[in-house]
Amino acid sequence: MIIQREITLSEKKRGFHLITDEVLRKFPELGQVNKGLLHVFIKHTSASLTINENVSLDVPGDLEKHFNKFVPENAAYYDHTLEGSDDMPAHIKSTIIGCSLSIPITSGKLNLGTWQGIFLCEHRNRGGARIIVATVIGE
Amino acid sequence: MIIQREITLSEKKRGFHLITDEVLRKFPELGQVNKGLLHVFIKHTSASLTINENVSLDVPGDLEKHFNKFVPENAAYYDHTLEGSDDMPAHIKSTIIGCSLSIPITSGKLNLGTWQGIFLCEHRNRGGARIIVATVIGE
Amino acid sequence: MIIQREITLSEKKRGFHLITDEVLRKFPELGQVNKGLLHVFIKHTSASLTINENVSLDVPGDLEKHFNKFVPENAAYYDHTLEGSDDMPAHIKSTIIGCSLSIPITSGKLNLGTWQGIFLCEHRNRGGARIIVATVIGE
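Residue numbers (this note's numbering), protein chains in the order written: chain A, 1 to 139; chain B, 1001 to 1139; chain C, 2001 to 2139.
Don't take every hint at face value.
[As the list claims (entries may be wrong)] Residues from chain B that face chain C, not an exhaustive set, calculated with beta carbons under 8 Å:
| id | residue |
| --- | --- |
| 1 | 1063 |
| 2 | 1065 |
| 3 | 1066 |
| 4 | 1080 |
| 5 | 1084 |
| 6 | 1085 |
| 7 | 1086 |
| 8 | 1096 |
| 9 | 1098 |
| 10 | 1116 |
| 11 | 1139 |
[As the list claims (entries may be wrong)] Under the rule of at most 27 Å between Cα atoms (straight-line distance), these lysine-lysine pairs were calculated in the DSSO-like manner:
| id | chain 1 | residue 1 | chain 2 | residue 2 |
| --- | --- | --- | --- | --- |
| 12 | C | 2069 | B | 1069 |
| 13 | B | 1012 | B | 1026 |
| 14 | B | 1109 | C | 2069 |
No lab work stands behind these hints: they were computed from the structure.
Positions of the beta carbon are idealized from the N, C-alpha and C atoms, including for glycine.
Only chain A is shown next, with the shape it has when bound in the complex (with noise of 0.2 Å):
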């Protein structure tokens, strides 16, 4: 059984944000799969997905930092400068996080640990809304 949506994540602010409980109520399919993958995919180069620590929020905040320390604005050896100097620091981000994610399914839910929650990563000052391409195999 392949089952493929895409969603649209309401727009989010510049930073790291817990998308779980949005991701799943847009894709309610997924409580019909017993044993497969779920898969996610990010329609951008300049935001990513990653999975961390779904309870304090001082971890998305310190994400957000560290990423913006080693990955600069207004580099001097950035090219890539005519669209915002958030820019070429949101393709850098995206290239280190990643644009998709595979969670196993089990009995009908995500088999994440305790602590892990989806994190929709935004790179940019002003991203808009964001396109995700949620694909499930399974049976």
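Based on these hints, arrange chains B and C on the given structure of chain A.
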């Protein structure tokens, strides 16, 4: 055909550890699959999975040193510090490296390159036994 | 339906190279798939795969410069130096960027965003021809 199983890995000390054989030993069903994918997912946010060179022990050692330098402990900008100085760096490394791998299966074997092996990246000083979910989709 | 094929990519010089068309040309079976996933896996530990912006040539150039700065050659802490100054950085970049991609297929086409393309990231000065395994799971 979908096969899925949770596997508990033996406890590892902090660093990068080759686990290809440990995973295969605990997942013998893989030999039944002619063509497909093995997905391995770690249910934690302070350890990660990667593929890298499987012979020289200097490679995992240098990876550990590199990530310790570029994801430092006790950075002045961390707010998430209650769980120890190795905790927030572990979360950041997990997002950089990633919590899952997908590997092609061909004729009952992982279709890895000659020098490729699966590594558990243990980012905590005392991470304990780690749980992974292995899912095969194949025929 | 599972389709799997090894593809040899033409040799590339060090840097980030758009390969979407080369992959599709060598994997025409993708057009038969209505719904599913394409998995692309590179069988090497000194090159990697990413998705990033497919128009401005400044983006792959800036990615190459950024990774060369933050994963330096000849770092004092490297022990794995016998295979050349570009070797250990190549292994580190491979772990940061990753050796595989999964991309949704919809109606016989890769369901990428408008600005997304597949890149081979060649981290060696002379990496030679690289082999990837393409696997489609779909219907």
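Taking the hints in turn, this is what the structure says about them:
no.	hint	verdict
1	1063	6 Å, holds
2	1065	5 Å, holds
3	1066	5 Å, holds
4	1080	22 Å, violated
5	1084	23 Å, violated
6	1085	19 Å, violated
7	1086	18 Å, violated
8	1096	6 Å, holds
9	1098	6 Å, holds
10	1116	6 Å, holds
11	1139	5 Å, holds
12	2069(C) <-> 1069(B)	14 Å, holds
13	1012(B) <-> 1026(B)	17 Å, holds
14	1109(B) <-> 2069(C)	38 Å, violated
The structure shown violates the earlier hints numbered 4, 5, 6, 7 and 14.
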